[in-house]
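There are 2 protein chains.
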Amino acid sequence: MTQPPVPDFIEGYGPVKHFTGAFAHIGLATRAAVKVCSARPGIGKVLPSIRAAIRACGLRDGATISFHHHLRNGDDVLRAVMAEIASLGLRDIRVAASSVFPVHAPLAGHIESGVVTGLATAYLSGPVAEAVARGFLQRPLVMQTHGGRARAIEAGDIHIDVAFVAAPTADIYGNLNGVGGKSACGTLGYPMVDVKYADRVVAITDCLVPYPACPIDITQDDVDFVVEVPSIGDPRQIVSGTTRVTDKPEGLKIAATAADVVEASGLLVDGFSFQTGAGGVSLAVAACLRERMAAKRITGSFAAGGITGTLVEMFEAGLFRSLFNVQCFDLKAVESYRRDAAHQAMSASMYANPHNRGAVVNLLDVMILGAAEVDLDFNVNVTLGSSGVIIGGSGGHSDTAAGAKLALVTTQLAARHHPKIVDCVASVTTPGETIDAVVTEEGVAVNPRRADLRDRLASAGLPLCTIEELRSKSQRRAGGDPSPPRAGGGRIVAVVEYRDGTVIDVVRASA
Amino acid sequence: MTQPPVPDFIEGYGPVKHFTGAFAHIGLATRAAVKVCSARPGIGKVLPSIRAAIRACGLRDGATISFHHHLRNGDDVLRAVMAEIASLGLRDIRVAASSVFPVHAPLAGHIESGVVTGLATAYLSGPVAEAVARGFLQRPLVMQTHGGRARAIEAGDIHIDVAFVAAPTADIYGNLNGVGGKSACGTLGYPMVDVKYADRVVAITDCLVPYPACPIDITQDDVDFVVEVPSIGDPRQIVSGTTRVTDKPEGLKIAATAADVVEASGLLVDGFSFQTGAGGVSLAVAACLRERMAAKRITGSFAAGGITGTLVEMFEAGLFRSLFNVQCFDLKAVESYRRDAAHQAMSASMYANPHNRGAVVNLLDVMILGAAEVDLDFNVNVTLGSSGVIIGGSGGHSDTAAGAKLALVTTQLAARHHPKIVDCVASVTTPGETIDAVVTEEGVAVNPRRADLRDRLASAGLPLCTIEELRSKSQRRAGGDPSPPRAGGGRIVAVVEYRDGTVIDVVRASA
Chain V
1 MTQPPVPDFI EGYGPVKHFT GAFAHIGLAT RAAVKVCSAR PGIGKVLPSI
51 RAAIRACGLR DGATISFHHH LRNGDDVLRA VMAEIASLGL RDIRVAASSV
101 FPVHAPLAGH IESGVVTGLA TAYLSGPVAE AVARGFLQRP LVMQTHGGRA
151 RAIEAGDIHI DVAFVAAPTA DIYGNLNGVG GKSACGTLGY PMVDVKYADR
201 VVAITDCLVP YPACPIDITQ DDVDFVVEVP SIGDPRQIVS GTTRVTDKPE
251 GLKIAATAAD VVEASGLLVD GFSFQTGAGG VSLAVAACLR ERMAAKRITG
301 SFAAGGITGT LVEMFEAGLF RSLFNVQCFD LKAVESYRRD AAHQAMSASM
351 YANPHNRGAV VNLLDVMILG AAEVDLDFNV NVTLGSSGVI IGGSGGHSDT
401 AAGAKLALVT TQLAARHHPK IVDCVASVTT PGETIDAVVT EEGVAVNPRR
451 ADLRDRLASA GLPLCTIEEL RSKSQRRAGG DPSPPRAGGG RIVAVVEYRD
501 GTVIDVVRAS A
Chain S
1001 MTQPPVPDFI EGYGPVKHFT GAFAHIGLAT RAAVKVCSAR PGIGKVLPSI
1051 RAAIRACGLR DGATISFHHH LRNGDDVLRA VMAEIASLGL RDIRVAASSV
1101 FPVHAPLAGH IESGVVTGLA TAYLSGPVAE AVARGFLQRP LVMQTHGGRA
1151 RAIEAGDIHI DVAFVAAPTA DIYGNLNGVG GKSACGTLGY PMVDVKYADR
1201 VVAITDCLVP YPACPIDITQ DDVDFVVEVP SIGDPRQIVS GTTRVTDKPE
1251 GLKIAATAAD VVEASGLLVD GFSFQTGAGG VSLAVAACLR ERMAAKRITG
1301 SFAAGGITGT LVEMFEAGLF RSLFNVQCFD LKAVESYRRD AAHQAMSASM
1351 YANPHNRGAV VNLLDVMILG AAEVDLDFNV NVTLGSSGVI IGGSGGHSDT
1401 AAGAKLALVT TQLAARHHPK IVDCVASVTT PGETIDAVVT EEGVAVNPRR
1451 ADLRDRLASA GLPLCTIEEL RSKSQRRAGG DPSPPRAGGG RIVAVVEYRD
1501 GTVIDVVRAS A
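Protein sequences, first through last, are from chains V and S. Letter by letter, the first sequence follows residues 1 to 511 of our numbering. Letter by letter, the second sequence follows residues 1001 to 1511 of our numbering.
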């Protein structure tokens, strides 16, 4: 089923810069000028309420405000701020949130009521995703990558009027950290970018400590106001500890094959660097690599990303010299970050922005990626589910795929009678040119661009096949189901931006 | 002797914004847009030589380059870079150096030859100061404060084409720190600003370590190129360990009186914060306060500044909860910074920039300042010596005076037959409105703006007098010598910028 092309102009979004290749727009970039309300000595920053802070910032209809997601599905700051904004009668607010989770359900109501008319994020799931799919958001949702969000903010493509920072620990002059307090979440890698470019920055904390709040992750020179509230979130949901290695035989088989691919690639040597998501199969790959690194006495240089307890254990076992951490996924990661100077925070820009002087993803040897779908061009969809609802988005998917020497998609061939290797993905999140191989329970398909890799894997006796063969196996497993029909010529409800700010795809409402 | 007024336009400097009060220009400020050459994955940053880096940066005649002074009088990076620039035949270079020391003598030669035609710095002593006084620099020297330099860079008033960072430790992708390597100097607070705003950033190191160079002070996303050289400086001169408490009776008497003033001011309570220079009298004040804090069981919040061993000892004795460190003055400070998370680095902007959301100086309770001269309006000169040669400059003098609740000048009444309390200072570095009191061996003069302080000191029985009385005592001590004649209508050789970028004074060549 042929899709209408991405138009040159999208109502509510503006002119489109079309995606023309993963590395077509690396080069001279510009960071935007920033307005700062400089502080007079003797004037304090603590305000009595979120409402007072919103007023002090002069927030108006049409403004853009930003949030971050280090408190994950335990975050209560977005809800609390939006409730005040709604009760103040503000309208037409655009929200730039690094991710949106089910806990942010009240945002769906503000979208329906017109308080919020725009949303940009790198990851979206739950009731807000459903509200977008139903067409309630007036402007198209802008889906970014983690690095692309940092880039957009630095470039001024997104101009933040007020950044709200959920701060597990703060002092009266706006030094912030995420390692202290009852809502400790670890690093604060996402708002590190927002606070540098927003007109106004408000820190909201449930742990106001005596000055200064060392060790400092975000410094006072970037924070205008501090508000103390009883709670910024539910600690049980902040670091939920749900990251577990898969115990399913097919998942374990895929993980073992992925580890074989890594080993055969020649990259598993001293200085090895690695990133993986927090999914069960990804963690199983990490577990396999752990054994092999230990057996071969390999010391890696770093593991990066959202940091999990699995990676912390590898670090503490001496398998990596350091960890680069944009966000903690569990308590073990928080504790390690608090304790160890070689467990290093990184901003979202340092992590993955394609328009700085060299992001951490650029030095990744191996990245283990998931997929909702992969197509014959190796394009990956982690944006759109088969029912047409948004199921997530890139997060760091496209960023790490572009940076890593070996970007491996690990996936089962089918899930719930849906094939995962398809002719054409329902939505392109990550371009196939940045994917090196797809690892399934019935074989490994190497991107034809990587003949060198194919030869290495063949020499190592890995079960190679073509992506077309995987597609056929995938359809058989799913019961012969072809790719789900993609929504046709309906209104564009989401614009999928590649990390460089070009538009790689759009999501249309069902016609 | 009446001075000609500061003109509205200065040849080689441009239009003058006149100083109109220490806090007249706090408010909305703008940080400049920045051009970045973004990095393509797979491209390295290490270049074989300084010359190669200069070429890779495309440095041209008329460009502005920047340096920092954490290696102090042991720095060899400025010399090495300037030698290559000269040998490449480049001309009309403007140098923005955070400070210039005697070790930078070769810069005087480049000024005489026209390779360097402009210089901006916060502190200048030695042969380069002499070359400026002799009128060799084509454009007027621009003298800034530490915070004013950060402000100027952020505002784009100084646009840096290439920032050169002397990095005691670096990795191949440009992560830098100052705690490792044979040239360890501690924090890197000054270039933290430069690297954010320069078109190009070159790190020069004599210790290239395996990636990543944790703990990281300057991150890879801000560094374009890395050059390894045999030596970046002379470790014996980097942290010279020359900071010693005075043993002269008059100095000790001044210090004890200053401590009495602090105690009488009511500020010496829990949460107390403090900064002092590294001079002998200043350190003696710190020693007095240490005893009193211990006796009264006071826990201060922080000590700040260039950090000395004296302050580290107070921190380790539990008298301060934290240290804010823009630069280490000695090895004890380096070791403490390496070891302790509550010994926190701060950028020059976080330290003292008047145009951010709140610098550390804004929260200082007490600042102990030196002076070459103080006049009847409490204006302080630390710029110009009696012979008309530049003897230093503000550094953080004006910044801390503006921020601190109690800015105390400690000075003897006379030095080498020159009075130090005069009718009118030879050059205004720090405006009198930001000085609260002058402490001498024969009494304390409180600024008439601080009647509240005068009353407190009077109640405490401190030896108060007027600034006019101090002036008379000072002249008697010096042997009746009046203020030295100030140079007349000669060419302007230096422009003294206040921290907000306004011009507070100029230095003229002898007519």
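Just so you know, these hints were derived from the structure itself, not from any lab. Beta carbons: idealized from backbone N, C-alpha and C, even for Gly. Errors might be hidden in some of the hints.
As the list claims (entries may be wrong) - Pairs of lysine-lysine residues, derived as DSSO-like cross-links and limited to a Cα-Cα distance of at most 27 angstroms, are as follows:
no.: 1; chain 1: V; residue 1: K35; chain 2: S; residue 2: K1017
no.: 2; chain 1: V; residue 1: K17; chain 2: V; residue 2: K182
no.: 3; chain 1: V; residue 1: K35; chain 2: S; residue 2: K1296
no.: 4; chain 1: V; residue 1: K248; chain 2: V; residue 2: K182
no.: 5; chain 1: S; residue 1: K1253; chain 2: S; residue 2: K1296
no.: 6; chain 1: S; residue 1: K1253; chain 2: V; residue 2: K17
Claimed, not checked - Over 10 angstroms on every C-beta distance to chain V, these chain S residues come out as not near it, computed from the model:
no.: 7; residue: F1009
no.: 8; residue: L1028
no.: 9; residue: R1357
no.: 10; residue: N1362
no.: 11; residue: E1433
To be verified - Stretch-level coverage of chain V by chain S, calculated; a stretch enters the list once three of its residues show a Cβ under 8 angstroms from a Cβ in chain S:
no.: 12; segment: 9 to 21
no.: 13; segment: 62 to 68
no.: 14; segment: 112 to 118
no.: 15; segment: 124 to 132
no.: 16; segment: 359 to 365
Taking the hints in turn, this is what the structure says about them:
1. V:K35 / S:K1017: holds, 20 angstroms
2. V:K17 / V:K182: violated, 44 angstroms
3. V:K35 / S:K1296: violated, 44 angstroms
4. V:K248 / V:K182: With Cα atoms ~35 angstroms apart, K248 (chain V) and K182 (chain V) exceed 27 angstroms; violated.
5. S:K1253 / S:K1296: Distance of about 21 angstroms is within 27 angstroms: holds.
6. S:K1253 / V:K17: Between K1253 (chain S) and K17 (chain V) the Cα gap is close to 71 angstroms, so the pair fails against 27 angstroms, i.e. violated.
7. F1009: F1009 (chain S) is indeed farther than 10 angstroms from all Cβ atoms of chain V, at 26 angstroms.
8. L1028: violated, 6 angstroms
9. R1357: Contrary to the label, R1357 (chain S) does not stay out of reach of chain V, its closest Cβ about 5 angstroms off (not over 10 angstroms).
10. N1362: Per Cβ check, N1362 (chain S) is inside 10 angstroms of chain V; nearest 4 angstroms; violated.
11. E1433: holds, 12 angstroms
12. 9 to 21: violated (count 0)
13. 62 to 68: Contact hint for the segment 62 to 68 of chain V vs chain S: violated, 0 residues under 8 angstroms.
14. 112 to 118: Since three or more residues must qualify, the claim that chain S covers the segment 112 to 118 of chain V is violated, with 0 doing so at under 8 angstroms.
15. 124 to 132: This one is violated; 0 residues, fewer than the three required, reach chain S with a Cβ under 8 angstroms.
16. 359 to 365: holds (count 5)
When the structure is compared with the earlier hints, violations turn up for hints 2, 3, 4, 6, 8, 9, 10, 12, 13, 14, 15 and for no others.
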